[in-house]
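Protein sequence lines correspond, in order, to chains A and B.
Counting in numbering that gives the first Met the number 0, the first sequence runs from 0 upward without gaps.
Counting in numbering that gives the first Met the number 0, the second sequence runs from 0 upward without gaps.
Don't take every hint at face value.
Claimed, not checked - Listed next, the stretches of chain A that the computed footprint assigns to chain B, with coverage defined by at least 3 CB atoms under 8 Å from CB atoms of chain B:
#1 104-115
#2 120-127
Said to hold, decoys possible - Distance condition first, Cα-Cα at most 25 Å in a straight line; then the derived SDA-like pairs of lysine to any residue:
#3 A:Lys32 with B:Asn67
#4 B:Lys41 with A:Tyr29
#5 A:Lys217 with B:Lys126
#6 A:Lys216 with B:Gln130
#7 A:Lys217 with B:Pro88
#8 B:Lys241 with B:Glu193
#9 B:Lys74 with A:Arg28
#10 A:Lys217 with B:Gly133
#11 B:Lys114 with A:Phe110
#12 A:Lys32 with B:Gly133
#13 B:Lys126 with A:Phe110
#14 B:Lys126 with A:Ile33
#15 B:Lys104 with A:Ile142
#16 A:Lys127 with B:Glu106
#17 B:Lys307 with B:Ile255
#18 B:Lys126 with A:Val81
#19 A:Lys32 with B:Lys335
#20 B:Lys18 with B:Gly133
#21 B:Lys41 with A:Ile33
Just so you know, the hints here were simulated from the structure itself, not pulled from any lab data.
Where a beta carbon is used, it is the ideal one built from N, C-alpha and C, also for glycine.
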Amino acid sequence: MDLSPLYISLKVAFIATIITIFTGIAAARYVLKIRRFKGLIDGALTLPMVLPPTVVGFFLLVIFGKNSVLGKVLMQFNITVVFSLVGAVIASAIVSFPLMYRTVRGAFEQFDTNIIYAARTLGISEFKIFWGIIIPNVIPSIIAGTVLSFARALGEFGATIMLAGNIPGRTQTMAIAVYTAVQAGDRAKAYNWVMIICAMSFASIILMNFWNNLQYKKSAKRSDF
Amino acid sequence: MSLYVDIKKVLGEFTLNVKFTAQEEVMAILGASGCGKSMTLKCIAGIETPDEGKIVVGDRVLFDSEKNIDLSPQKRKVGYLFQNYALFPNMTVEENIGSGVNLPKKERFRVVKEKIKAFYLEGLEKKRPSQLSGGQQQRVALTRILVSEPEIIMLDEPFCALDSYLKWQLEQELMDLLSAFKGTVLFVSHNRNEVYRFSDTIAVVSDGKIDAVSKKETLFKNPQTFAAALLTGCKNISRAQKLTEHTLNAIDWDMILYSSRIIPEDIKHVGMRAHYFKYTENVDSQNTMTCDVTKVIENPFSYIIMLKNKNSTVGNGFSKIRWEVDKDAWKAISQKNIPLRLIFQEDDLLLLS
Numbered sequence: 000m001d002l003s004p005l006y007i008s009l010k011v012a013f014i015a016t017i018i019t020i021f022t023g024i025a026a027a028r029y030v031l032k033i034r035r036f037k038g039l040i041d042g043a044l045t046l047p048m049v050l051p052p053t054v055v056g057f058f059l060l061v062i063f064g065k066n067s068v069l070g071k072v073l074m075q076f077n078i079t080v081v082f083s084l085v086g087a088v089i090a091s092a093i094v095s096f097p098l099m100y101r102t103v104r105g106a107f108e109q110f111d112t113n114i115i116y117a118a119r120t121l122g123i124s125e126f127k128i129f130w131g132i133i134i135p136n137v138i139p140s141i142i143a144g145t146v147l148s149f150a151r152a153l154g155e156f157g158a159t160i161m162l163a164g165n166i167p168g169r170t171q172t173m174a175i176a177v178y179t180a181v182q183a184g185d186r187a188k189a190y191n192w193v194m195i196i197c198a199m200s201f202a203s204i205i206l207m208n209f210w211n212n213l214q215y216k217k218s219a220k221r222s223d224f
Numbered sequence: 000m001s002l003y004v005d006i007k008k009v010l011g012e013f014t015l016n017v018k019f020t021a022q023e024e025v026m027a028i029l030g031a032s033g034c035g036k037s038m039t040l041k042c043i044a045g046i047e048t049p050d051e052g053k054i055v056v057g058d059r060v061l062f063d064s065e066k067n068i069d070l071s072p073q074k075r076k077v078g079y080l081f082q083n084y085a086l087f088p089n090m091t092v093e094e095n096i097g098s099g100v101n102l103p104k105k106e107r108f109r110v111v112k113e114k115i116k117a118f119y120l121e122g123l124e125k126k127r128p129s130q131l132s133g134g135q136q137q138r139v140a141l142t143r144i145l146v147s148e149p150e151i152i153m154l155d156e157p158f159c160a161l162d163s164y165l166k167w168q169l170e171q172e173l174m175d176l177l178s179a180f181k182g183t184v185l186f187v188s189h190n191r192n193e194v195y196r197f198s199d200t201i202a203v204v205s206d207g208k209i210d211a212v213s214k215k216e217t218l219f220k221n222p223q224t225f226a227a228a229l230l231t232g233c234k235n236i237s238r239a240q241k242l243t244e245h246t247l248n249a250i251d252w253d254m255i256l257y258s259s260r261i262i263p264e265d266i267k268h269v270g271m272r273a274h275y276f277k278y279t280e281n282v283d284s285q286n287t288m289t290c291d292v293t294k295v296i297e298n299p300f301s302y303i304i305m306l307k308n309k310n311s312t313v314g315n316g317f318s319k320i321r322w323e324v325d326k327d328a329w330k331a332i333s334q335k336n337i338p339l340r341l342i343f344q345e346d347d348l349l350l351l352s
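Here chain A stands alone, though its shape is the one from the complex (with noise of 0.2 Å):
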């Protein structure tokens, strides 16, 4: 059996991720600091999440077809987003960003704001209030966050599908084999995937009750005191 698709799905879902984890916690920390708009830019930057994964696509392919300025600046620099591995990260990190920036922004507005009002009185500079204060206390929401958002985007296909089409060894992801397999009448195929897809989403989802059975375990031993 042709593996590809399995290391293209963990590549792009791993590169979404990375992408997701910087944009998400920036935006958190963008959208909590404005004073106008909030719920306008909130609405936008959640909205990849509640809107049909075909819909998603089909504006991604609007933004960066061949016919669209943006699609043009990057022609110049010999980047090709549709049909290619590109496009297919970028629908992963966009389909999988809202679960990142959610969950961040929550753990953000639950921090206790007397901390941060504090550390201000006592000299200390915003760079390392949000470095070495709030980004440390908020790890946990971090990890849960990028365990979801790595979940969504390995099992990402309808804005795939729109954006990087359904190239074998190219664009074809595990999520698209399986519709390939069935679309081809190829059971055992389908089967196949069917199967190391349930095991690693599984998989991610056990380690992600470990992790936080872990932080109870820890929190509960502090306390204990």
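Here the structure of chain A is known, so what remains is to put chain B in place on it, guided by the hints.
Chain B alone, transformed into the frame defined by chain A:
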């Protein structure tokens, strides 16, 4: 280092408009919840921005709306002890204390070590805030503030969340630790006993405004306003009308009272503390009210007797009299089974304008 504050801030329906000066002393800001005490502290610390006004510490201007000066909280050198202490949960005790020290690493280590010893925190250096008791947390928070070398220190209801036994202990501890501090200490509270034990000067805040600023002894002996009387624990207050130089009509109590002090022109209320009443059997002595007992409430060491004027038809919340009396004294009185007469002693009346 003196502190001058004159700020105004509008928050919806509520307007904060406070002005006061504090010297190198412990100054308490006494007020009911929601009167603007904490907002005042936050404005001084730079966490909130006043709409207009001026904040000066010594000769350093922290905020001046006219000159467009608004220092960041980082530059204000104002220590702020939060109600929940606001320790950094991800840092150990020594990291927490060292976080506000802006010195080279070696020097910082030495200063932190020295302070840990001075504030009896040895052995806790590597512990995290969640592993400390409430008292230890407070000590760490205060040490952290003192190490950052502030010019003024502000305490926001530091004992509010504690039970009374622990509170007493922590209060003593905090006073000891703060005794070494040379600048102004602002202490916010709604508890009159705490404020009396802790501070030199008291500013009474009511509805966003400073009602009165005075030495604590003066304030408790002679609160000059309605809010000050209430906050210093006066339980009996009646509307009042000036009649002559020394007599007034207490409207809600329905009686004429004689005061040894000259009654101010703008008197609005007259007050009487619950444990200052004297009891008499004499019918025609001055400032006496014949009372009906409406309720007897038992406290651990005293009785609270709720009364009303027997010869009056005025019946509202203010016309009730609350009298606090020793258990033995009340037992003796209640056995006599005669009408109860209370004396409002002429020296004890609080004249409020």
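Against the structure, the hints:
1. 104-115: Our answer is that it holds, as 3 residues pass the Cβ test (under 8 Å) against chain B, meeting three.
2. 120-127: holds (count 5)
3. A:Lys32 with B:Asn67: 23 Å, holds
4. B:Lys41 with A:Tyr29: 24 Å, holds
5. A:Lys217 with B:Lys126: Holds - the C-alpha atoms of Lys126 of chain B and Lys217 of chain A are around 14 Å apart, at most 25 Å.
6. A:Lys216 with B:Gln130: 14 Å, holds
7. A:Lys217 with B:Pro88: This hinted pair holds, its Cα atoms lying about 13 Å apart.
8. B:Lys241 with B:Glu193: Roughly 34 Å between the alpha carbons, so the hint for Lys241 of chain B and Glu193 of chain B is violated.
9. B:Lys74 with A:Arg28: 24 Å, holds
10. A:Lys217 with B:Gly133: 20 Å, holds
11. B:Lys114 with A:Phe110: At roughly 29 Å apart (the allowed maximum being 25 Å), Phe110 of chain A and Lys114 of chain B break the hint.
12. A:Lys32 with B:Gly133: 32 Å, violated
13. B:Lys126 with A:Phe110: Given that 25 Å is the threshold and the Cα spacing comes to 21 Å, the pair holds.
14. B:Lys126 with A:Ile33: 37 Å, violated
15. B:Lys104 with A:Ile142: Given pair Lys104 of chain B, Ile142 of chain A is violated - Cα atoms ~32 Å apart, limit 25 Å.
16. A:Lys127 with B:Glu106: 20 Å, holds
17. B:Lys307 with B:Ile255: 15 Å, holds
18. B:Lys126 with A:Val81: 54 Å, violated
19. A:Lys32 with B:Lys335: Violated, at about 71 Å.
20. B:Lys18 with B:Gly133: Given pair Lys18 of chain B, Gly133 of chain B is violated - Cα atoms ~34 Å apart, limit 25 Å.
21. B:Lys41 with A:Ile33: Holds - the C-alpha atoms of Ile33 of chain A and Lys41 of chain B are around 21 Å apart, at most 25 Å.
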